[in-house]
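*Asks:* Please take these sequences and the hints and turn them into a complete structure.
Residue numbers (this note's numbering), protein chains in the order written: chain A, 1 to 473; chain B, 1 to 329.
Just to be clear, a hint being listed does not mean it is correct.
[As the list claims (entries may be wrong)] Cross-link-like lysine-lysine pairs, in silico, DSSO-like; alpha carbons within 30 Å at most:
#1 A:K174 with A:K463
#2 B:K213 with B:K113
#3 A:K444 with B:K213
#4 A:K325 with B:K113
#5 B:K157 with A:K449
Honestly, the hints are just simulated from the structure, not real lab data.
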Amino acid sequence: MTVTPDSPSELNRRTLLRRAAAAGLLAAPAMSALAACASEDGEGGTTGEKTEANPFGVGDKQPLEVAFFNGGFGEDYAKFDVAAYEKKFPGSKVELKFSKTILTDYQPRFYGGNPPDVLNNSSPETIPVGPVVQGGQLTDLTQLLEAGSFDDPAVKVKDTLVAGVVEEGTFNGKMYTLNYAYSIYGHWYDEALFAKNGWTVPKTWEEFTTLAEAAKAKGIAAYTFQGIHPWYIHNVISEWIYKVGGKEAILKIDNLEPNAWKQDAVKVAAERIAEMASKGWIQAGAAGLDHTTTQQAVLDGKALFIWCGSWLEGEMAKTLPASVKLAVAPPWDLSGSDKAKYGAVHAAPGEGFVVPTKAKNQAGGLEFLRMMLGKEQARKFAELTKSLPVVKGAADGLTISSALTSASKVAAAATEVINWRYGGWYTPLQNAVFAAATDLAAGKSSAEKFMDAVQKAADEVAKDDKIVKQKAS
Amino acid sequence: MSFGRARFITGFLFAPILLYAVYVLYPYAQTAYYSVTDFSGFSPDFAYVGFGNYVELFEDEVFLKALGHNVVVLTVFPVVTILLALFFAFMLNVGGRGDKAGVRGVRGSSVYKFIFFFPQVLSIAIVAVIWRRVFQSNDGGLINSLLMAMGLVEKDKPLMFLAEGESVFPPITIGNFTFEAPVVLVCLILIAIWGGVGFYLVLFSAAMQSIPKDIFEAATLDGATRVQTFFRVTLPLLREHVSVAWVYLGIAALDFYALVVGMTPGPGGGGPNDASQVMSSYMMSNAFRPSRFDSFAFACAMGVSIAILTLLLAAVQLRVTRSRDKLEF
Numbered sequence: 001m002t003v004t005p006d007s008p009s010e011l012n013r014r015t016l017l018r019r020a021a022a023a024g025l026l027a028a029p030a031m032s033a034l035a036a037c038a039s040e041d042g043e044g045g046t047t048g049e050k051t052e053a054n055p056f057g058v059g060d061k062q063p064l065e066v067a068f069f070n071g072g073f074g075e076d077y078a079k080f081d082v083a084a085y086e087k088k089f090p091g092s093k094v095e096l097k098f099s100k101t102i103l104t105d106y107q108p109r110f111y112g113g114n115p116p117d118v119l120n121n122s123s124p125e126t127i128p129v130g131p132v133v134q135g136g137q138l139t140d141l142t143q144l145l146e147a148g149s150f151d152d153p154a155v156k157v158k159d160t161l162v163a164g165v166v167e168e169g170t171f172n173g174k175m176y177t178l179n180y181a182y183s184i185y186g187h188w189y190d191e192a193l194f195a196k197n198g199w200t201v202p203k204t205w206e207e208f209t210t211l212a213e214a215a216k217a218k219g220i221a222a223y224t225f226q227g228i229h230p231w232y233i234h235n236v237i238s239e240w241i242y243k244v245g246g247k248e249a250i251l252k253i254d255n256l257e258p259n260a261w262k263q264d265a266v267k268v269a270a271e272r273i274a275e276m277a278s279k280g281w282i283q284a285g286a287a288g289l290d291h292t293t294t295q296q297a298v299l300d301g302k303a304l305f306i307w308c309g310s311w312l313e314g315e316m317a318k319t320l321p322a323s324v325k326l327a328v329a330p331p332w333d334l335s336g337s338d339k340a341k342y343g344a345v346h347a348a349p350g351e352g353f354v355v356p357t358k359a360k361n362q363a364g365g366l367e368f369l370r371m372m373l374g375k376e377q378a379r380k381f382a383e384l385t386k387s388l389p390v391v392k393g394a395a396d397g398l399t400i401s402s403a404l405t406s407a408s409k410v411a412a413a414a415t416e417v418i419n420w421r422y423g424g425w426y427t428p429l430q431n432a433v434f435a436a437a438t439d440l441a442a443g444k445s446s447a448e449k450f451m452d453a454v455q456k457a458a459d460e461v462a463k464d465d466k467i468v469k470q471k472a473s
Numbered sequence: 001m002s003f004g005r006a007r008f009i010t011g012f013l014f015a016p017i018l019l020y021a022v023y024v025l026y027p028y029a030q031t032a033y034y035s036v037t038d039f040s041g042f043s044p045d046f047a048y049v050g051f052g053n054y055v056e057l058f059e060d061e062v063f064l065k066a067l068g069h070n071v072v073v074l075t076v077f078p079v080v081t082i083l084l085a086l087f088f089a090f091m092l093n094v095g096g097r098g099d100k101a102g103v104r105g106v107r108g109s110s111v112y113k114f115i116f117f118f119p120q121v122l123s124i125a126i127v128a129v130i131w132r133r134v135f136q137s138n139d140g141g142l143i144n145s146l147l148m149a150m151g152l153v154e155k156d157k158p159l160m161f162l163a164e165g166e167s168v169f170p171p172i173t174i175g176n177f178t179f180e181a182p183v184v185l186v187c188l189i190l191i192a193i194w195g196g197v198g199f200y201l202v203l204f205s206a207a208m209q210s211i212p213k214d215i216f217e218a219a220t221l222d223g224a225t226r227v228q229t230f231f232r233v234t235l236p237l238l239r240e241h242v243s244v245a246w247v248y249l250g251i252a253a254l255d256f257y258a259l260v261v262g263m264t265p266g267p268g269g270g271g272p273n274d275a276s277q278v279m280s281s282y283m284m285s286n287a288f289r290p291s292r293f294d295s296f297a298f299a300c301a302m303g304v305s306i307a308i309l310t311l312l313l314a315a316v317q318l319r320v321t322r323s324r325d326k327l328e329f
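*Replies:* Have a look at this one:
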């Protein structure tokens, strides 16, 4: 008997408590499971013989449990992978599970010590790697990297991957997460609208300002951002900091060096966003709008640019007008002396996969990932999801979508890959950038305020000895 | 014989008590236990750390801010909801025109009752979708488009509503606490009132209908006006119901989780810049979006603090509004 608006929150609290309860109930059987583990051999109970084609020694009769995230990439590629595994090990039965909330569904199983053999640890609810690694619950994937690749045992798995995969999956110096999809990020625009107005994509800030005024004269906002989801605008400012200050500026930030957020690169990047807001180039009210509304504004020709990942076309497919031709541009020069040259593009591996240490069929889990990184599986992933996998050359020659083609082209022409690590490592710091960058783009802040607010958060993270520190290089 | 009855009752009570113990009491105890450890939520290995989590909690800027927001909600939301519900209930049951014999509500009261109660049947997800449209911060929003059509708001300067973190009154700082009412929080309170009035209107209506009509008729014969009838007759007789409503609404005000998460900017809600963060939303964002390895335990400490505050509030409110003498009718 409470007020309606609040009863679902009761539910939420109940869900929370239920999770705790479930975790507690699972604890007792877990003890015996742990005891059982201790008496088995160190290889996690493998029975198969280690050969070139079976480097982890997967037992043919060993069942395998794989859990996939059911999101933008859909279920089809997972089913394809499972079918391939069952073909290779006809005696094993693969239990394939899908979840939209990985954290809620699999946190109790980590706690209980009976996790699945392969887990697609993906958003929006991801199991944070830090605490799980702290508890020794994830398998070091170095053995996978060093194993022979699925197609050619002479070539190691690590040599079939695009740059950055190992670094992105590394925590405390070891690789625990295999990120399978390679996303390209940048500012998306409608090529058709640009062609119609005789506009060209800006390569410098001056060109952008000229374009912005021309668009404003036509009643079009030059820029918009996914307002209430601050993750997007935080990417814009981080990209811009890298663009202006180069890798060394980002390293200072990633490594929590004193006054890293007071560098000139940060100042320039923040000033640019503040300038866009103060000159009225940003879509009115964008700070209060959601991602679909603002992305639609670009599709409808109400705004020119929006920052997003290469999934944009797939996400907006239902409301994408046939006349619109989406394309992506790398960040334009922001000052006369940008350290990263024009063409540097933000690209990063995402969509993580982990193999828990307490997996009953750990060898099978590793073998499943090795197989996913094979040419055939990777190509099918690109076909089915219209996204690039982290396997080199897997999508070569595929022409399935104009946005994917544009993204591949930008990636191929990239002079430098923009990426940073602080967001995944230090949530409170990322949250501070979320809030401060949104304020900037909403026209409620200044570069100085931005730098002060974020530096304060960075100092607090640096001081907090309960946050495990990482080292970027 | 009495032994048989006890066994009979125990038999019936066994299942619910067992369920209650397993799904309510045990998790409560667990939460309290975890709050004094460095439990990560993932690994069954953790250590006892004493009350460190609580000490940190009351030094945590965002938590104190969230607590301040809860206090603002607590002072505004129950009072306004109860006053509106009482007023409407009175008008619908007793407030009809005095030109005819008998006591009745205003014309069309059953229609009003339905309209007022309607928000109650909507799920929170629908409420959030509807009100996000109403408060949308561009010309597609209901309020903004109306104001723009009237020329009160410029098209390129829409009102931000849920994305506005400015306080409607200058913030008041007392020690570590800052009391402020950001626009976004005011919007949420309005929605909560809209959603809550209907339920309490029905509650108070039922209570008013149980008051014998002769009492109202006697008051009318004595020449009492509607206002006098309300304050001298209706309100004192509804004392217990108002008290119960007060406790329910107080608990709801200390919670407020669903509206914050469903409607406000930021990951897990609470934005912009923590302007709409309440204790429960901050707890959830700590429990499952951690960066510290012991953030689950920290969130448990928050949960325990919220529970203690809620219990204290309920006790105080029940005591303050306790009826001294009861009228039998």
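*Asks:* For each hint, tell me whether it holds in the structure or not.
*Replies:* Outcome of the hint check:
1. A:K174 with A:K463: Roughly 24 Å separates the two Cα atoms, so the pair holds.
2. B:K213 with B:K113: 20 Å, holds
3. A:K444 with B:K213: Violated, because 58 Å separates the two Cα atoms, which is more than 30 Å.
4. A:K325 with B:K113: 53 Å, violated
5. B:K157 with A:K449: 22 Å, holds
In summary, the structure is inconsistent with hints 3, 4 from the numbered list given earlier, while agreeing with the others.
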